[in-house]
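Since the structure of chain B is already known, use the hints to place chain S on it.
Line by line, the protein sequences give chains B and S.
The first sequence lines up with residues 5 to 308 when you count with the working numbering.
The second sequence lines up with residues -10 to 773 when you count with the working numbering.
DSS-like cross-link-like pairs, simulated, lysine-lysine; straight-line CA separation at most 27 Å:
1) S/K217 <-> S/K117
2) S/K33 <-> S/K5
3) S/K240 <-> S/K80
4) S/K625 <-> B/K267
5) S/K218 <-> S/K717
6) S/K679 <-> B/K106
7) B/K268 <-> S/K630
8) S/K756 <-> B/K267
9) B/K273 <-> S/K581
10) S/K717 <-> S/K117
11) B/K168 <-> S/K581
12) S/K692 <-> B/K40
13) S/K218 <-> S/K772
Think of the hints as simulated: they come from the structure by calculation, not from any bench.
Since we're looking at a predicted model, the values are computed, not measured.
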Amino acid sequence: MKIRLLSYLLIFVAIAMISCGKQRTVAIDIPYDGDKIVLNSIMTNDSIVYAHITKSASAKASIDSLTELSGCTVDLYENNQLKETLAETLINGRRYYVSKSKTLSNRSYTLKASGGKLQGVEGTDQIPAKPGFSPLEFWKISNPPDSLKPYRMTIKIKDPAGEKNYYRLKIYSASYNTGTKRYTINKNSEISFSLDNFIDEKGVFGVVSDNLSRTGFFTDDTFNGQEITLNLSLRTASGERLYVAPELMALSKQAYLYFDSKKKQENNKDNPFSEAVIVYNNISGGYGIVGGMADSITVIKRLN
Amino acid sequence: MVLFFCGIIGVEAQQKKITLYGYVEDAETGEKLPGASVLILNTKSGTTTNNYGFFTITIPAGNIQLIISSIGYKAYEENLSLNTDQKINLKLIPNNNLDEVVITAQKSPAIQQQTQMSRVNVPITMVKSMPRFLGETDVLKTIQLLPGVSQGSEGNSNILVRGGGPEQNLILLDGTLIYNPSHFLGIFSTFNGDAIKNVELYKGGFPARFGGRLSSVVDLVMKDGNMKKINGDASIGLLASNLTLEGPIKKDKTSFLVSGRRTYLDLIAEPLAKKTSEGELKNLGVYFYDLNAKLHHIISDKDRIFASFFDGQDVFNVKNEYQTSKYLEGNTAKINWGNTIGTLRWNHVFNNRLFANTLINYTRYKFFSDFIFEQKDTLRYNLVRAKYSSSIEDLGARIDFDYRPSPEHNIKTGATATFHTFRPGALTFKAGDAGNPGINMSFTNQVQHSPELGLYAEDDWLISNKLKLNAGVHASAFRSKTKWYGSVQPRLGLRYLLPADIAFKASYAQMVQYIHFLTNNSNTLPTDLWVPSTDRVKPMRSQQVAIGFAKTIMNGKVEASIESYYKKMDGVIEYLDGSSYINSSVDEWDTKVEAGNATAIGLELFLQKKVGKTTGWIGYTLSKSDRVFPTINFGKKFFYKYDRLHDFEIVVIHKLRKNIELSGSWQFQTGSPYTLPVAQYESISGYSPKSNNNSTGVVDYIKGRNEFRLLNYHRLDASITFIRQRKKYERSWNISVYNAYNRQNPFYYYLGQSDEDTNSNSQRVLKGITLLPLVPGISYRIKF
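Excised from the complex, chain B in its bound form (with noise of 0.2 Å):
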């Protein structure tokens, strides 16, 4: 009797064993608050105001569904004073709001939109003042360490003191027409580089930068309120650079939260090694930014 219990004792093990073997796993079903309006401007100094109103869609649809709202009422204020209503526009096949007045530094704005059966959204920034800043030089090395960038770039900024600034740097491709003496800044194409004596307020080298390392952000925890000498080093073309146009862009917190964490969030997507970042959103009923830049940029020619 014994025996036999053990028997089938040691046949449930065995049964058991070899049904519970493999991995198996479990699939929850992801919320959705329901669609809410995203609402998304970046306003600069001296423009007009471009707003992009889509519609939000649940984290387990398709993007697809990530559709452009078309008749919504998009009313800028400045200053909590009602400016205009944005007129809708098609620009490049998208569709825009956008504004006929200009934004200007040190003012506040606020976009309101509504549309369809969505609540209602809106989101509230100042424009912060132009960034002081001026390129020094730009020249090419012989022997450069790393063969893809062989050419470097000093540029002063003088950060405004008692205040926390946030800095968007690009540099842009750039070329001279001697017939009619006049520069031209190619937006389209940017330029990689590396800034190699920067010191953040950790102490190391950190500037968030995209994939490309085309665009840098960084604040100004280091060195607020004095003026510092930045050296670059910036990637090679197909052509000799002669012309370059680095572009300062200060943010306000609110851009410079939303594109830092942006950045975060695309680079460590996959990555289970890191904590799911969470983007910054500034649209009380809805999703989204609403955000300020001011913008200095010019055109340095090389030396050598």
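This is chain S only, laid out in the frame that chain B set:
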């Protein structure tokens, strides 16, 4: 420390006082019994033996009714007439009687007599009776079933105590710290139940002698070895085999204990794998082992020395090779990690009131990996090799004094010194020609040496029959790379006896932790690193307040307690958004994390029965723990990743008959928090709409960190043990079932597609991977 000695001595009693002192031991093995109760019934006074089985108690001279008791042993009662100090070594007989053992409230080690709260003693016999996972008993998995303690992910042996992380537990084996007490990626603990004598868990109200961690102390005491005769215990299970041998080298003078465990799945799998690999597999070693050894020598009545050693390693070695007459391609992977500890200890009895324990110890946790890929033919020999290693080592010394100057005072004081050596990571990478590789890099993170010093003193003071106070202080200092950190940590505990023999208890403890642990969100990995505090990331600090009530009920058979706690922690760290913990350069680890604050609050109910045919416990915890950081989650408070609102467990061990024992446990935990996108929307690039670079992307909208709740966790384990007692040996078969109703408890979650095949209709879903469905286990054991 000196103040505690002075100012208390010289209490003059009108009645003559004498001191009774000595050791309590197992009558059959000579094993000293920690935590045994020593009661003087007629004076209603008592004490317990310390970790080394020693006790001392000062009482009025005259006739006394002495009762000594300990779980698993028959109570010892004797009437004595004492007029002078008396040394007495008491021997308790193991209780094999299956009848209900009635212990009255007067005789029992009543929970209401102790000042100490938030402490749980888990008898090792109960640990061994618990359902086993693949035939293995597991001390830490048993501790996970106590209120206030939760596990991390499914199958893990991590213990998370009152809102604390896995790195905040001080886990001691014979007084020496173990840094990574788990095998097999956290599934098994390193503690071999056959070598352990006693397990105590402190969740709060920490005595002053403990320091260095914020959330708990797990104090494990190894067996000393049978002083009377050679004993052995061997078992074989689905996963591992164990062998323990102990006995006298010289009877009643010197004993030894050796205990080893090794898994052997690789021994079975290797020949099969080699066969199916068509000769390409050259070597396969996937196993772990533990080795415990101890020597105990009684020099004299006053002096005993102990030497203990532990080594536990996980090994993963695979070598594949494809070879023809002209070509060779091979890859080798070696990964090793584990702990090695050694302790040398000296117990000295100065006199009938003063006992000292002095120890020197060494502990090391090391991780090592080596990956090689090579290709060789007549023209070239290419090699890619990556080696990585990291370790932490401590060399320490400690002295503890246990002084009982009077019946009202029990003073403990001591000092510790530890020399930490952090080797956080050394990586060498070569790629290219084997003789002259084109890439030849090495990154060696700086070795850091950090001394840590400690002093403590505490007094357990019986102010009156109703009121007892434990007051203490722990002072410590730690040197980081450039500076000293120091702290003074007060510890307070009190017990007040209410009517109906209910004890009201309260405690307050400050703790400081100088060492941080770099780990991922849900699982500890062997690559996780212990790193010292730096200038940027300061030590963690906690303050915990607890109040509660305790009483023995049902004729003293059941200990009942209810406790609530509030714990606040500063300086806890989390990785910054977007920081990858696997890529972090260790020299800059403190730039990838942020320090913040944590709070934990909870209510615990606990009923524990340790005697009789049916033993076990019921525990329930209602709790909340959260964290807040300056920038993580944009400064908003969020649930801690190990927050579990409800935690319930029931454990039952029942001796059905003399030769059949049943056991079962069921636990329930609210699902853990998770960060989940709940919508998606189009992003913006910041370019002008007229620019060719104006592209859009998609943003996953996440409302906040850890806002979503995963599936509730629950699991039933059960086992049956058939015991056959023979004249010279005892053998038993144990059949256990882990997760008896096959609950799908995921251990890892990720966002995937609802249908993994290419399917245009598939949608994103949150997927959980389960690895441990119903898992049976069988083991055979023989004791001789």
